[in-house]
Each structure stands twice: as structure tokens, then as C-alpha cells.
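A.B. asks: On the provided structure of chain A, position chains B, C and D as indicated by the hints.
Protein chains in written order, with the numbering used here: chain A, 1 to 345; chain B, 346 to 690; chain C, 691 to 1035; chain D, 1036 to 1380.
It is worth saying that the hints were derived from the structure and are not from the lab. Some clues are possibly wrong.
[What the hints assert, rightly or not] Label-pair ranges, simulated between beta-carbon atoms:
| id | chain 1 | residue 1 | chain 2 | residue 2 | range |
| --- | --- | --- | --- | --- | --- |
| 1 | B | Ser437 | C | Arg743 | 40 to 50 Å |
| 2 | A | Glu154 | D | Asp1128 | 32 to 42 Å |
| 3 | C | Leu839 | A | Lys76 | 36 to 46 Å |
| 4 | B | Ala647 | D | Thr1230 | 50 to 60 Å |
| 5 | A | Gly146 | D | Asp1145 | 52 to 62 Å |
| 6 | D | Asp1145 | A | Arg53 | 36 to 46 Å |
| 7 | A | Glu154 | D | Glu1238 | 20 to 30 Å |
Here a beta-carbon is modelled for each residue, glycine too, at the ideal position from N, C-alpha and C.
There are 4 protein chains.
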Amino acid sequence: MKNRVQDITPLPTEWIGPISITGNVMEEQVSVPMATYETPLWPSTGRGARVSRQAGGVRCTLVDERMTRSVVVRAKDGGAAFSAWQSISSRSDEIQAVIATTSRFAKLVDMNRQIVGNLLFIRFECETGDASGHNMVTGAADALLGWILQEYPELEYASISGNLCTDKKVSAVNGILGRGKYVIAEMEISRELCTKQLRTTPEKMAQLNLEKNLIGGTVAGSLRSANAHFANMLLAFFLATGQDAANIIEGSQGIVHAEARPEGLYFSCTLPNLIVGSVGSGKGNSVVEQNLVRLGCKEDRAPGENGRRLAVLCAATVLCGELSLLAAQTNPGELMRTHFKMERG
Amino acid sequence: MKNRVQDITPLPTEWIGPISITGNVMEEQVSVPMATYETPLWPSTGRGARVSRQAGGVRCTLVDERMTRSVVVRAKDGGAAFSAWQSISSRSDEIQAVIATTSRFAKLVDMNRQIVGNLLFIRFECETGDASGHNMVTGAADALLGWILQEYPELEYASISGNLCTDKKVSAVNGILGRGKYVIAEMEISRELCTKQLRTTPEKMAQLNLEKNLIGGTVAGSLRSANAHFANMLLAFFLATGQDAANIIEGSQGIVHAEARPEGLYFSCTLPNLIVGSVGSGKGNSVVEQNLVRLGCKEDRAPGENGRRLAVLCAATVLCGELSLLAAQTNPGELMRTHFKMERG
Amino acid sequence: MKNRVQDITPLPTEWIGPISITGNVMEEQVSVPMATYETPLWPSTGRGARVSRQAGGVRCTLVDERMTRSVVVRAKDGGAAFSAWQSISSRSDEIQAVIATTSRFAKLVDMNRQIVGNLLFIRFECETGDASGHNMVTGAADALLGWILQEYPELEYASISGNLCTDKKVSAVNGILGRGKYVIAEMEISRELCTKQLRTTPEKMAQLNLEKNLIGGTVAGSLRSANAHFANMLLAFFLATGQDAANIIEGSQGIVHAEARPEGLYFSCTLPNLIVGSVGSGKGNSVVEQNLVRLGCKEDRAPGENGRRLAVLCAATVLCGELSLLAAQTNPGELMRTHFKMERG
Amino acid sequence: MKNRVQDITPLPTEWIGPISITGNVMEEQVSVPMATYETPLWPSTGRGARVSRQAGGVRCTLVDERMTRSVVVRAKDGGAAFSAWQSISSRSDEIQAVIATTSRFAKLVDMNRQIVGNLLFIRFECETGDASGHNMVTGAADALLGWILQEYPELEYASISGNLCTDKKVSAVNGILGRGKYVIAEMEISRELCTKQLRTTPEKMAQLNLEKNLIGGTVAGSLRSANAHFANMLLAFFLATGQDAANIIEGSQGIVHAEARPEGLYFSCTLPNLIVGSVGSGKGNSVVEQNLVRLGCKEDRAPGENGRRLAVLCAATVLCGELSLLAAQTNPGELMRTHFKMERG
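Here chain A stands alone, though its shape is the one from the complex (with noise of 0.2 Å):
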């Protein structure tokens, strides 16, 4: 059998929405493309997109955003790794510099350490522009081990990746420390919106978030995760807009907190690492491009901006479909009978 270069694999996708979105990053209706093979998620997450519209939209919340790589070195021992590290995390001025001959866009943000034994970890978290900043910290952090092992010639290579970034794996480090954007994306459903729209009230959802997402979350032996579904949305969204899709990892790792108010529902997603860019990935892909260019992110704005609103629009993807399946699921029956109906119907 030879082997031939098949152009493409045409992934079904459609345009949702508009989703309603306010807070610190943007105010504006907006529709957003999904990429998928589970046809059902959209009218799923369209229910939800729905909702935001008329329930004064999903407020979202820019936390934090960085980007890392870490290294990995080897010294005689670990009084002799933490002696490295007490000099190298005292010069950063110079790994400042060392970055920026890489990259215009990549700035030092923070620096975290661990050491086992003779082993010395080093995580940078960088600053990335508009880039999700993959290559970016990989670049940085290529010239830094090149710069610490001139530097310090005691200290060997291990690994320009010692896991502790950490890229497309589950850990707990990414969460705790950070990596890509983390944005907070949240509702306030009336009642009446809850019955008429989602089949549902304000205390059932806030039941099935903590007998499910949590009590059942931590059963399953859960790491930092406590939601429904996020990694289709945000699978879906990846897709269509370019990104590097294996990092859905890092992005399931979210917590739904939902609460029944006298007035209503609030209902929350927190996305601490949503590792999305508006630059970089899916060069030359024609379509991607257009859908980027179609939800606003490729404005004339400053460094990172379109990034974050591009990081924005996923959180409030994400949101509008886990309302609307985690409401389904409240009632005995309705998961079974409108999937199967949408995917086949």
C-alpha cells in the first residue's frame, strides 16, 4: 500500500447563535462556528445561545493569561539543583532579554520550580500576544536552556520539555498555576426562563451540578474537573477557528457552580485554561481564516486583544452548551429522546 496525500477531512460545521456576551473583555452578540461530528451539539448549544439573548447575556471574565514551557536539567545533586535555581531566578533581567531575542511578542510573566531530587524543574510562563504561543515558549525556552546550560556548566540537559508545562495531558499544574487564558463565564436565568426555555428550575440544575459534576466528579477520582461536557463545545469551537484542538485536555479540566436564587438560576463555567489563538495555527487554511475573520478576531487592535476576545467566545460556546445538556439531563427520558432525535432527524 502507498502512501498518497489526501487534501482534507471535511468536518461538519455549523454556525450558532448569536450568543449574548458582556463583561471585561467585550459587549456584542455574537454567533460562533462548531466543527463536529455530534450533530445534536447544535441545536444544543443554540438552545443556550437563546437563553443568553434573552436573559442579558453571558457576562465573561478574563482572569489571567500565559503561556509555558518548562525545562529540565540535571545537577550532581539537589543541593547543587538548588543552588542553580537560587542564581537563575535572581537573573531575570537576562532571561527577560534571552526571550526576547526569540520573539517580539513573548514576555516573562513568572517563573515556578520544582526540584526532586538532582532533577531541576523549571516552568516559564510567558505572555504570547495574539498567539495561543506554543512555538512561541518552546522558541523561549529552547534559547533559556541553551542560555542556562552556557551559564551554568554544571548543570546538564534532561529535556526542553520536562512535563511540568504541561502540554495536552491532564495535571493539576496547569490549573493551580496557569496556562492559556482563564476566563469565568456566567448567567443569571430568571425562573420563567428556566421553565419555558430549559424545561427546568433553579433548584434542580443547582442538584444535578453537585450530585453530578461534583459528588459524582469525585467518585470518578476527578482532577480539578467538575462539568458535564465542556470538552465538546470545546472541541467543536477548536476546530473551526484553527486552534491546536489536543489542548480540549487542559480545557476540560472546568468547573460548573451553579446556584438556585429566589430570583432564579446563576449558573457559572470557569475555564481556567483555554489555550486559543487568533495567529499561528491552521496557517493557510482558508476557512479558518474566514471564520476568524467573521468573529472579529483579526481586527487592527493592540497585541493580545484579539486573542482574548477569541478566548471570550469560546467560554461563552462552552457555557451555552453545557446549560443546555446539564438541564436536560434533569428530566428522566429528555437526554435519550432529543439526541436521538436530533441525529437522526
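C.D. replies: Frame of chain A; chains B, C and D shown alone:
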């Protein structure tokens, strides 16, 4: 802004290989498709495939298969929840019969329970033929939940999915109890091949796996996960074959084990949660169907055999890509040089 | 400096209660001993015991019991490891017989396996009568390992303990597969009792449990753990009754579930991994023996009954202490005031 | 049954060693007390101590120290929570001043936040002199919470402890951000010593650590933990020195890293969360005080120095016990033979 259905997102796809495969499912050389925006993945995985052909093949052992869905019901108290479980768990024949009404392929393999206070979580584990089985087990669980609520009127509906399943989320339960196919892919690589094809040594590879994947993963707060980038290969293979690609989350929770032996490198990738199917998803997508045909996964075989073949092909692909990236990371600077050359060139 | 045997470390100990207990193991009011340097634990747990007597008792449901030890052996490759497992797992009668040669109490309940590359981990799970069973299962595993290496000469010894057991370490496996006693302790507390004895309300308690134990635990990167301080009560009870107190690590991985109901507070502590025994440890320590006698755990009963009684007493103690501390934390400032007042006397 | 105060539980205690210790805190040979019901721990740890004296000592590197408490407050929404955090985090001088009113030893080292929906968790990290600092940081957090609620009346009290601290519970946060002393204990052991004293080889030890602690731990679903039994030594040392022994839970989350080198075995125990103090706990217990005096931890030194010495002594003890047990486990049958001989003999 008005919604409009957009047909497709065109995902760059290339066939890699052939990979030489042996083991308890198949003995054959097969090329595999990878759909991805991260195009350096193609030559990198291709290098692993080349090694497989020269090293006698990737041995793939299928250890287990099952698909799961958990329901959660509410009892008066923990004592009542336990009594209900004792009764339900003794009625597996009736449960088997209820499942049989929902699908001719779904067969109960096992049940597990967790009780938290008055909440009873039951995890139903089924064989699902050639399908990955998401819908099949959800359908079964829906019927079982109806049956349970009828037979045990003292129980209340809490959720059709209690997150003990767990689908598309980080967990420990899937690895420990099983979800999807459990496949071990492994290869012995001579010292000569290590040097010539991978520019590394068995000792360097074993040390990198120890320091980066195992220790680095540990300090990152990983959970049942020790690898560099299983997720990349999984995503590309899943998208090209019409899988529910959000299941890369479970899939990414796998383990590399490598040993330096006198004769060369022993290298293995253990994937306990490979969720794939040769039927059922990506329906109507002719490219996906063609890919499955070309992979030999649409043959007229006993139920489950096409699905198992697909799982083995996927695991072998993961090994090829993992081997190649780790080899690159044993050498300072190589990752950046080759990655950028491939991406930009 | 020369070594010298020092007889004892005198650990302050007080009896708390009585706690009123109901459920599937016992119905009785029993006082319990707590050995601790953290003396405010006594009045705090005592308050919970007082509530138990007025609220109709702590209902304790024993759900499961087993003790475990895992061995690990090395095969030529993953295929050989899997073949060995298939054979071994089919010979449970012989395994049962090997175990019987090591103890008259140990009985095989289940076996589980994990295969990583060429490594085969087998987790043996046994009933162990009234003993916590550490030594009993280690003895059984030692004999089984000898038997395995004799019957399967293609396997090599790797370790008598493969950490899949897992003893005195954080894990998900113990909660999911079971280790020690699985006990649910729960209580319904009227609104009046909440106000008078606990200075709180059902709503405040449920909200605190949600926000602190479940959500706070999630962001902390907890694993199968959602409580405030199970460990304190476990430690004090374990030390006073001669347990292997390092098992508080598994024990601490438990879950509080609380609900505000019209009639009051539903409060539960689920302890899936309570490792206690009424025989076997702390031998020759007469105070410990007296404590066990006073607890009614040295009676002439069927094997296992004294051990189960001890587990239930321990779980009820945990609930009393957890309830009291959480109630204090619902009120700003109360924790510090009462803690320091108690500690400073 | 009437309650009665029982003075003490007498815990068997023996002094082990002396252990030879070097590193950045002390250079000295010191015997250590271990209070435990599991008496085989004494000779086993003693064997490790003997090796330390012949191998040039356990090198102990203190990397960090801090004690933590997290509060949680409720805002109107996530946007308000983030605004409050931005303001609070900019006022570290005032926060330092509030802390200073509660203790002359507590000093703010860092603050971390997690925001989940409308919930703001703030983790205060302080130096606490020679005390482990539980009460000191709780007192500081209590004052800070009062100050926050006064300065930011839009925030509501949720809990004085938000479990992001996190105390006596499994977590990833403590290892990543730090809690207690971070100590690396390590030793190089010649091949001759491996053979004569430990009946093993460097290669066997490195392989056992890989297969059991790292891979076995991974399949068990461990979290930031790769060791055999740190908990045993921690518990015995903590009880003999009046520590809050429930902190063995954090303490147990440490990592063994071992390497076979041409000249012998490199063996290290990394303990990122060693929570000990030479003042403050076990007050009025004269045996504990005598033990601390004998350990040289009640000297007239700068604040913190006695506490750091105690942490290093504890870490060295952990290494001695871990080394000895792992060595025993490299040989089939040895664990059982020696354990039972010691326990029964």
C-alpha cells in the same frame, strides 16, 4: 448577523506509514490517516512507522474492551441506597434482558457502584460490538434507569449520567475499571536502529522517560498519565476516522514504559482507554467511510473485530509518534530545529 | 550519642460521648476514646456526640470490606503479561487454596490487574476477619508470588508490593476498588437542633459543604476527597485503639454530602477506606486492649463482627467531629474563638 | 456508660541511629525517636541510619518553607470577585500589617487566588518561625477575613477555610505552591555498601523505584506521590516530637528518585510538604519536650532555625526507612521474613 450552515471545515490530512503491526489482533503493514493542523506530526509519526518496519513491528495486545455509562439515583438514606444496590446487583439476568431490548450488540460485562450518603451511582459496563458505543450504553442506561425507578419506587431520579461513566473528562475510574479498548503497543528497537533512525540511544530514551514522563508528570500533578503527546496522534487519527474526538481526554491518560536492554530499546505505550468504533459516528461523511475502508475496518467480520482492528491501528500510530518525539527530545535543540523546519517548510 | 530504648510517648487521651449509633451493624450508645495532642478535638467531637443522642443517632451502613496487596511481575512483553494474567485469573480455586495455607481467616474476594508494557500488577483482595489484615494479605501475597513464579517460570519477580495495593499513600484505586471497610455515617438533624446545638442552619451547612469541601477541594486538586478534617478524628481514634495510624491517609479520602431539607439538615460522611482491626496491632499494649474491651470490640462473636463494630464506631466519631467543625465554620470568627479557648483551657 | 478522662495512651518509642546528616542546614550525627505500634520500623530505619554513617551522610537541602490558610468569600458575580482580588492583591503592605497584629512571627510570603464563578478563594502563605504555624496562619486569616469584609462590603463571608489551604487532606496544591518545609534528602551509596548492608544492587533499586513507586503509583491513581512508605516514618517521628500527626497526609505526597551509577546508588527522597514545628504543639507533654531538647531543637537560635533543623532530621529519618524497605523488596521473600521476625521477635 444571521446564521448560515457552512458545509465543512477542511482539515489537512495525510496518510502515514505503513506501520508494521503484530500481536493478538492482526499481523500486517498498514498506512494510517492523520487529520491535523499540526503538520509536523506527519513526518514525525512517519519516522516511527519507518522504525516499525525495520524493527519487526509494533506488537499490539488488546487486553480488554467495554463501554460505560453511569446513572445516579437518590435514596432516602445510605442504608436504603445500599439495600437497593444489593438487590439490583443480584438481578443481572433481568438487567441483561432490559439491555437486550435496546440493542442487539450491547451486552452487560460488569456493574460497579459508588454510594455517597444517600446517592447511589451505578456504572454499567457493556460490550458494544464495532461501535464505540456512546449512544448504545446511553440507550441501555436510559432503559435501565426506567426499570430501576419502576422496580424500586423508593428511589428517585437524579441523573442519567452521574459522571462515574466518565465521558470526555479526566478521571481515574476509566483507567482502573476500563472504558473503551485497553491496548498495549510495544516494540524492541536495536541499538543500530536507535542510532541511525532515531539519533539516540536506549539509555537516553529510558532516562528521558523516567525524568520527563514519570517524574515530570508526577510533579505536574498528573493522574494516571505518563507520556509526551499521546493526544496529538489520537486527535489526528480520531478526526480522520470519524471518531468522537473529545475522547482523546480519556485516551491521553496512558503510560510510556521504556527499558534500556543490552540488545537495544524496549519501548511501550499502554493505552487503557482507547474509545473508537468502526461504525456509528461520522455517519454520512464519505471521506471518513473511505478512510475506514482503506484501513480494512469495514470488512465482513464477526461483530467487534473491525472495532478492535481500528483500536490496534490507532495504538500503533500513537507509539510511532511518541517514539519519534521522545527521541528528538533526547537531543538538545533538535525539537525546535525539526519542528520548525517541518512546520514552515 | 548512644541509643537507648525509651518506653513510651504518653499521648493525651479522652473518652467522648456517648455517641448514639444505629444502622446495619449495631444499635447502641457508646463512648469512644481519642488520643491526640490537639485537645480542642475533644469538646468539638463531644458536641457532635451530643447532637447524635438528641437527633436519633448516627446511622452507620457498612457497605463493603476487604484488604489488599498487589504484586508486580515482569514478563517478556505485554503480550506475555496478558497471557499470564488470563491464565492466573482463571485459577481462583488454586489461588484460594494457596491463600488458605497462610491464614485461616484470609479469603480471596477479588483480583484486579493492571498491565503496563511488560509489567503485570495483580491486586489481591481478601477478607481478613477481625484484623485490619496488613500482614495477612502480605503473607498471602508472598505465598501467591512464590506460586506464580513457580507456575509461570517465564515471569520474573519485580516486587512483593507494586503500589497498586496501595498502602498509606494517596490513590484513587482504594476508593474505586475498595480497601478496608466502606462505611456511610449519616444523620438527620432538626432545625431546632441545628440552631441550639450547632448555632447554624441547614442551608448554611449545605452551602459551606458545597463551597468549601467540594469546590474548594476541586480547586486544591483533591483526589476523591471532600471533607474538612476527617483525618483528625481518624488519627485520634486509631491511636487510642492500636491501629496502624498511617492508614489515615486512605481514610482521609472521604466525602461529606449535606442537604438542607424542609425538616432540617441531612448530613453524611462517606468513608470508603476505613482500615481498622480489633486484633493484630498494638499487641501487648494493655491500654489499647482495655480500650478495645471497653468499646465492646473484644467480644466472642463471629469472625469479622468485632472488626466491623470498630469500623462503625470510628465512622460515627468522624461524623461527630466533622459536623461540629463545619458548623463552627459557618459563622465568621467562631472557629478561632472556640479553638483557642479550648486549647488554652 | 460514663465518660472518664484517661491520662495517656502509651506509645512504644525507640531512638534510632545516629543518622549522619549534611547539607544546607546542619552537619552532624543525630539519633531520632520513633513512636509507633509498628515496631519492625525501628530496626529497618536503623539499618538506613547505619548506611548513612558509612556512606558519608544524608545530604539534606531545605528548599522552601511556608504555612498556609485559605479563606473563601462570595461576590455578586465572577467579575466582582476578580475586581476584589485585583484590589486586595495590590495591598500587600496593609495585609502584612494586619498579619503583624496577630503574631510577631507570621510574615506574608505570597498570596494565591482561585476564582470559581462568584467565589473568591485566597490562599495566604506565611513564614511562621519555629512553629508549624497552623494556629498562627488561622489567626492571621481570621484577622484578614475581618479586614476584607470591612474594606470590601460587597463581599460575603463563606468560610475561614476554603480547603485551598489545604490542611490534612490530599491535594496537588500543597506540592505545587508549597506548605510546610520543602526538603530534599539524598545519599550516594557505594556498590559495596549496597551489597553488604542492603543486600541489593544499584540497578535493582533503580528498577524497583521505577516499576513500583513510579509506574505502580501511576496505575494506582496516585497524586504527586511516588514512594513506598514515607508515611510510616513521618508518623513515628511526628508522634515522638509532638507534631500534628494528621499532617502525614501532605507529608506522604513525596517522591523517591534513584539512579544506578557506575560508582553505586544515588538515592533521594523529596518531601515538599513537611509540616513540623519545634514549638507550639504537644504543649505540656514533658516527654515530647525532652525529645525535642535531645534532638537539639530547643536551642537558643534565630527564629526558624530550630524548626528547620527538626524538618531536616525528619527528612533524613524518612530516607533511612525508605531506603531499607525498598532494599528488602528487591529480594523475593525478604520483606516477609524480616518483617515477621522483627515483629514477633
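A.B. asks: All hints, please: hold or fail.
C.D. replies: Comparing the hints with the structure gives:
no.	hint	verdict
1	B:Ser437 / C:Arg743: 40 to 50 Å	holds (42 Å)
2	A:Glu154 / D:Asp1128: 32 to 42 Å	holds (39 Å)
3	C:Leu839 / A:Lys76: 36 to 46 Å	holds (39 Å)
4	B:Ala647 / D:Thr1230: 50 to 60 Å	holds (56 Å)
5	A:Gly146 / D:Asp1145: 52 to 62 Å	violated (30 Å)
6	D:Asp1145 / A:Arg53: 36 to 46 Å	holds (42 Å)
7	A:Glu154 / D:Glu1238: 20 to 30 Å	holds (26 Å)
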